[in-house]
Every structure is written in structure tokens, then in C-alpha cells.
Amino acid sequence: MSGWPARTATGMVSTVVEALEELRIHRGRVLLSLIGVAIAVCALATVVGAGAIAEQAGREMQERFGGRPATVSFNASTGSGAVDTEAAATAWQTALDRHGIEYASRSGWGSLTVQFADGAVPVSMQVVDPDYGVMHRVRLMDGAWFSERDADRLAPAVIVNEAFWTRLGSPPLASHPTVELVGRGTTTGVITGVTPAQSEWDTEPTAMILTDAFVPLQSATTDPMMGAYSPSYEMWIPDGSAVELTESVKQAFKAELGEGATVDGWRSDYAAQEGDPFLPIKLLVVGVAVVILLLGALGLLTIALVTVRGRIREIGVRRSFGATAGRVFFSVLMETVVGTFVAGVVGVGVAIALVRSPLMGMLLGGAEIQDMPGFPVEAALIGIGSAVAVGALAGLLPALGAVRVKVIDAIRF
Amino acid sequence: MTLIEAHGVGRTVELPDGRPLTILSSVDLTVSESDRVSIVGRSGSGKSTLLNLLGLLDAPTEGELAFLGHDVRRIGSGARDRLRGREVGFVFQQFNLLPGRTALENVQTPLLYSGGREFWRRERIAREMLERVGLGERLTTKPERLSGGEQQRVAIARALVRRPRLILADEPTGALDLETGAEVMALIESVAAETGAALVTITHDPAIAARSNRHLRLVSGRLQATDAAADASAPVGSLHPPATPDADADAEAIAIAEADADVEAVA
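One line per chain: the protein sequences are A and B, in this order. Residues -2 to 410 (our numbering) make up the first sequence, in order. Residues 491 to 757 (our numbering) make up the second sequence, in order.
For the record, the hints were derived by calculation from the structure and aren't laboratory data. Just to be clear, a hint being listed does not mean it is correct.
Derived CB-CB ranges, DEER-like [stated by the list, open to error]:
#1 A:D406 with B:P510: 33 to 43 Å
#2 B:G638 with A:G346: 45 to 55 Å
#3 B:S567 with A:S354: 52 to 62 Å
No residue lacks a Cβ here, since even glycine has one placed at the ideal position from N, Cα and C.
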């Protein structure tokens, strides 16, 4: 490299070297002024990072109810009421196979009587297929989610909630605890998993069971109004093709059900809602972060201005030894920019430690999160970028002041 | 080689009340490589203004001033700064060392503004220069812990580290005792001799002025050649200007000198 590129590169390097040297010389002042920026950036990055975790917690909570994006639910009916469950299952499977849908589940509610030590109790049963666990991010506090092989069990697998399990005396799952399930007939279910309580009010025993295991046990009534099992049909498909696939699967499902059948399909996941459901949280986070950063910038600007006033002679001496006005401008600017960059890195580092700490995880509902997000890259970039921007803004006025220093006066100052 | 050529150079400033004030007028001066020029004059006679013009820190308001053949009024601000950094070394009365930096860092400062190899080898060049001025053992000492003579040696090393062709020394011994002052001047002259640099010294001290081979006196903004022996024998306070053609001119010169002092005070 030679000629102007080499000169330009050397000029840039020497400007940074000069800025670093100034930072080293004035480290006391720099530390004082940058502590504010580092704290502001740390707060900013922590808020953004924690916001991302809180958002993920909220998203996962919504996904537990409505399914992950894009989850599409279908309801099938005929003019005479509910469709035949077995015929609908066949029609549904055919429609799925035709479209190559990988994740799908029937989902409905039924009731079975369970024999506890203190008496028989009717228990709400959520009736699902194995894919439901992935589609709805079902969390277990013990045991394992249903597998495809569970459908072939003679003693159906049952996943119970914490209240159910506690009522049984919290038996270890390794001992394969069983319960009597009473419906149209009586069978013995094996508890293979336990879901944690959703809230402090989640005290009634409920359970989840596979559709194929439940259907033989369901009550004789076929009227959903009387508590008969009437599933909806869910599929988890790529967000981008949701509209086309929904319509196509709907038509196929309807055609398979035969003449007179009606099928409704709709997006049930949170992402189908109008607008960004997390926008209010995001706006609040950004507002707080901006205020914090402005306060940091104000402190930095004040110290930078006072510092330049005290360095008039030094600037004059540098000018007399060949520093151009542009060089002085960029040197002073670089001092704050390099300083705030370092402060930004430190602030983001502390923010990462804070956000990843177990305490913060507990505060933000981290224990609830299945896919714990890493410290968001955008939080780190926003933190460091904001620090540099604040440095440039706060350095601008002092740099302009430094350029206006009259060399002749400065060296006789 | 001619470094500086000044023909009819003048410098006029505007006073706060709008009146013009002439600080320098009709200055003719040529400085060539290896020249040793001393300029004496009363306070307010325009010595510093002339030094600023010669050092490209200021531009004349009249006349022609050429530096290495370039008309200084036609050189852009940035180019003038770079030319100054490359070709001119300043030695100040108050040393003007950067506080908080070691001697080595101070001497490196001008090399931060030189592109290319000088920048990348700045530490070695600065160390060699400090060794040359006898401060090889004080490289990491900060100015606050150096004696006046040592501080001026650091300032000399800094002024010469880029091997400028012109050294401008503004009262270089003004803050030193006689003996140290003589040593410092001997050092400046010897280093300048090595590089063939011209040395222009502004001083009140006739003994320092006498060390030069060309002797000039500034009287009320006008430059006059003078006799070294006369300067050396005359006390500082009695550097009388040569007889003026008439009393009016003498009175005008005193008025300008006083106004010059006013301007410097305002500045």
C-alpha cells in the first residue's frame, strides 16, 4: 500500500492512537465521565435484553394456549351436528398426507372419572395427539411427553397436572404409578408425565391423554353440549404459506368428509393478531432506555466541554507541531467516541452478566421459558451503537470548540 | 536554499473599536538554510507577530511572504499546517511541554502528525532524539519532575524530532539561569548544525543574540539590521533603536508598540 491510501490509513490510525493516549493520560476524568455512560448503556442493554426474555416468556405463554406460529385450527361439522369422530380422523389424516403436513394434532376436551384414594372424581381430560406437545410447547416438571408408541399401549399413558399428581401422593414416575380411568368402560392408565401448576389457582386435577386411547373410553353421548368429545383439528405450518395452505387443507378436509360437511379454519396463534402484541412493552423499554442514555450523554457533554477549555494550550501546541484543524477536530471527537465505545463494551458485558444471572431469570419468568433466548445481539449492538452515538454527539461541541482555538493565543495562554 | 523570503511584509489587526493597528510593516527578510538569525526588540515591538508569520501560524496582511518558494497566502489552511509540522520546529520560552506525558511521549507528539514511516517508528526516533540531547536516562520522566534546563532540552528534542529546516526559538532561555541558558543554546545550535536547519531566535538577552551570525532588531514593527557587538554590550532595557529621521516617526513607533501591547493583552 502506498500513496494516499497509506497516508489515509496512517492518519486514521494515528488519530485513534492519539485519542487512546489522551484517554490514558486523562484516565481519572475519563473514568468519571464514562462511568455514567457505562451505567446508561448497561441499563439500556439490560432493559433491551431483559425485554427480549420477557417477550419470549410472554410469547411462549401464548404459544402454550394458541400454538406456535403458524398454528391453524379447523372445526368440522355437518348439517345434523358433530361429525363422526373416526370418519373425521380419517378425512383429516388424508388431507394432511396430501399436503405433506408434518405436525398436526387433534385437540379436544373430555371427561373421565378417576379413582383417587379419597374417592372417585370426574377429571377433565385434554385429548391430544403426540405432536401437540411440540406445537404448544408443553412443559413437564417430571416424566416425558407422549411418543408415537404410547398410542399402542394397552394401559394408556396419561400426563397429569401437579394437582392430580399431588393428590395421588406424588409417587415417583420411575415406579410407573397407575390410576383407574372410568368412562364407557374401565381401564388402568399409567402416569408418564406431570405438568407444573400454571398458577396458584391451578388446584383442580386435570390430565392429558392421547386421542386413540381416549376414544374407546369416551361417554356414549355424541352431543358436545352434553360433554361429548368434539375435537378441533390443528396443524403447524410455515408462517409464510399459512393462508394458501389453510384454504387448501380446508377444502381437502371438507371434500374428504363428504357431502354436507362444513369446515372452518382459522389461525389460533398469537402472531395472527393484528399488529404487534408486544409493541407497548417495546415502546416502554425504548422510552426508558432513551431517557437513561440522554442523562448519560448530558454528563459526558459537560465534562468534555470543561476538559477542552482546560486544554487550550495543549491544542495550540499540537497545532504548532502540524496538527491540522481537521485533525484536532477528529482527535477530540475520537477521544469521546473511543471512550464511549469502551464504556459501551463494558456496559454491555455487565448487562449480559446481569441478564444471564439466575436472579434475573427468576424475575422475568425464565423458569417458564423453553427456548431461553441468548443475550440478544440487537441489545448488544444497540448498547454499543448508542454509546458511540452519544460519544459522537457529546464530542461534537468540544471538538468544534477545539477547532476554534486560536493557535497564537493558545500557545501564549 | 532559501527558506523564507519576506518583501514588504506587514501585519495589521483591527482593534475592538474598529480602528486598524499596524503591528509590523515593510519587513524585508531572507532566511536560508543554516542561517543563525537573532531578532531583538522591546516588548510589543512585534517580535512574536513576526515569529508567528515566519512559523506559518499567521499570514501577512500586506507584502509577500514565501516559504520554500510558496506564497503563504496561497497555501490552504490544512496544507499550511502540514508544511509547518514538517518544516518548522518551535522552541517556546515556557517550554509548553504537554503535562502528564513522559519526555518520550512529548517528543513523539509531532511524529503523530507525520504520515508514513516516521509515525510507525516514532518511539525509536523520539528515543534517539532524547539521547541526542542528553536525556537518554529520563525517557519516562514527566515534565513536572524535570528541571527547567531538562524541560527545555525535551522541548528542543520535540522541536527537532521531525528534522525541520527552520527552528524558531521564542525566548528559549527566558526561563533559565544564565549558565543553563548558554548550555541550552549551545545544544540547539549544535543539533541545528547537524541537520543544516536555520535557527531564528527571538531574545531579550544580548549575549544570546550575539551567538547568531545575523542580528536584527525590531523597532515599532520595523526590522533593522544591527551590530552584534553593540547588542552584546548593551543592557536589555537599553536596546535603543537607531536614530530616526524625525521625532514624529519615533513617536509613531512608540504609539504602535503600546497599541501592540494592548492587542496582545486583549488576545
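Here's how the hints hold up against the structure:
1. A:D406 with B:P510: 33 to 43 Å: violated (20 Å)
2. B:G638 with A:G346: 45 to 55 Å: Because 47 Å falls inside the window, the suggested range holds.
3. B:S567 with A:S354: 52 to 62 Å: holds (54 Å)
Of the hints listed earlier, the one the structure fails to meet is number 1.
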